[in-house]
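If you're matching them up, the sequences are chains A and B in order.
Residue 203 in the working numbering is what sits at position 219 of the first sequence, and the numbering runs on without skipping anything.
Residue 220 in the working numbering is what sits at position 236 of the second sequence, and the numbering runs on without skipping anything.
Check the hints yourself; a few may be wrong.
Identical copies carry no separate label here, and so any pair may be met within one copy or between two of them.
Stated by the list, open to error - Below, simulated SDA-like cross-link-like pairs (lysine to any residue); rule was C-alpha separation at most 25 angstroms, straight line:
1) Lys268 - Gly235
2) Lys268 - Ala(-5)
3) Lys268 - Gly49
4) Lys268 - Thr238
5) Lys268 - Ala21
6) Lys268 - Trp143
7) Lys268 - Phe176
8) Lys268 - Ala258
9) Lys268 - Ser175
10) Lys268 - His185
11) Lys268 - Arg149
12) Lys268 - Tyr132
Honestly, the hints are just simulated from the structure, not real lab data.
2 protein chains.
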Amino acid sequence: MREQAVYDLLARLQDRIVAALEALDGGRFSTDLWQRAEGGGGVTRMLEDGAVYERAGVNVSRVHGASLPASATASRPQLAGRAYEAMGLSLVLHPRNPYCPTVHMNTRFFSAGETWWFGGGMDLTPYYGFVEDARHFHATCRDALAPYGADYYPRYKRWCDEYFRLRHRGEPRGVGGIFYDDLADRDFDFSFALARSVAEHFLPAYMPILERRRGAPYGERERDFQAYRRGRYVEFNLVYDRGTLFGLQSGGRTESILMSLPPRAAWRYDWQPAPGSPEEALYKEFLVPRDWV
Amino acid sequence: MREQAVYDLLARLQDRIVAALEALDGGRFSTDLWQRAEGGGGVTRMLEDGAVYERAGVNVSRVHGASLPASATASRPQLAGRAYEAMGLSLVLHPRNPYCPTVHMNTRFFSAGETWWFGGGMDLTPYYGFVEDARHFHATCRDALAPYGADYYPRYKRWCDEYFRLRHRGEPRGVGGIFYDDLADRDFDFSFALARSVAEHFLPAYMPILERRRGAPYGERERDFQAYRRGRYVEFNLVYDRGTLFGLQSGGRTESILMSLPPRAAWRYDWQPAPGSPEEALYKEFLVPRDWV
């Protein structure tokens, strides 16, 4: 059965990713098994106040419902209101060190009757930008997709730039990555293999960056800027993110959905980085759509 | 002209409220005059890092547009897409002392052709609850409305409880107050007088509470709880608040709209207050709809 095959992959990936994250941090993720009154449930694994991660969540859920919310699919509005099954692996890591970027990865699978599709991707949100890191992340995304066709990476890279955009700020969330939705190309096996490849490239895309930056010295200035920029992460997730809205609208488990929010965030009226500062460089050189590979 | 009369009141009220807030804090509000490309503009007055207020914003805006967004009025969907004029006074005060509640007040006026209506209200969001404060705030709201009819306060109090509700948390934002929208009762003069009375009762509703609590000693524990609860304020404003969504959707000035967000906020996975603690008392005794007067 398709659903079971996808779920098995998501559960195995959650274990593997959590083990790799724990090995780097030295801390242990908590494990919460939860059920949803309307059907289904999930496993939420969290690590807070770790040596490396200030807040890290890796969540797997599998739910079914009688009526698909409109936020679940942008391009299949005719399915709104239909019975559905939805499952996904979602992770957001907020490292403590401001030189380590925040990262998000997601793999999801929807089915409604005979219709099914995958969605997912990963994207990187630095506080201080490094060209080397953005290139490595994007190159790994490209490698994940290359076996399935040369046009996937440029399409999904562009989609990511369009999706992770704070329209009210005229800003992207970070340096992007890849995003896809409504994937039902060729047949199930092909689409499943592509989704799996993206998910399995998460650790090689992100861990080398974390290892490179986690020892960088920082002070209050860098923490303040990190908190300010984390405010943008909050704005994006609560105002625009379809996964978050779908979860909150469909009676999802709030604490598991909002594990994506940062441990701390700050807002400051009309704040502008000083000319020539590293904070200004983030805006000028990194928070602009660029071809990284 | 109706629009000018309402705008004059809002501008005078902004001056009077800012002067009263400055007198208590000792600091000075900055003044930003801004214009909106699509028409109109506003005056944003902010005080950050003050002695009493950690972040305080008092904003007046007057904008017009060619197409009214759906978020502008819940009960007049037939006006969506029509040319409109919208003006409002909006304030949010986030005091530094966790024993001082956050407060919000709003007065707004919409017109679209021959149709016009007022909206507004005020509500209180304590971090540590005091029955005396909640009673005083609600009693002042009741007094503001009493001259216009005995049924306004109970209706607008209930409306406030329904509106300022985090459905994904099953929690109210705070201890409520009054909320109204689509007010066009009797004639313009009557509705205007009611809206004015509510706005003019803001200072007597809130300042005595601030004066009573601002000297209370507090430590890291109270600041941590305040930051955690301020996360709820962020969640409400970005997920549910119609004024915020209207502003962001209609190309409003982001920094003026998001002046309502707290200076700092925190999220912590599945956090629960200790049994018998003052933090638990907030949830049990204050974050429940109650008749305060």
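Q: Kindly indicate which numbered hints from before are broken by the structure, ordering the numbers from low to high.
A: 2, 3, 7, 9, 10 and 12
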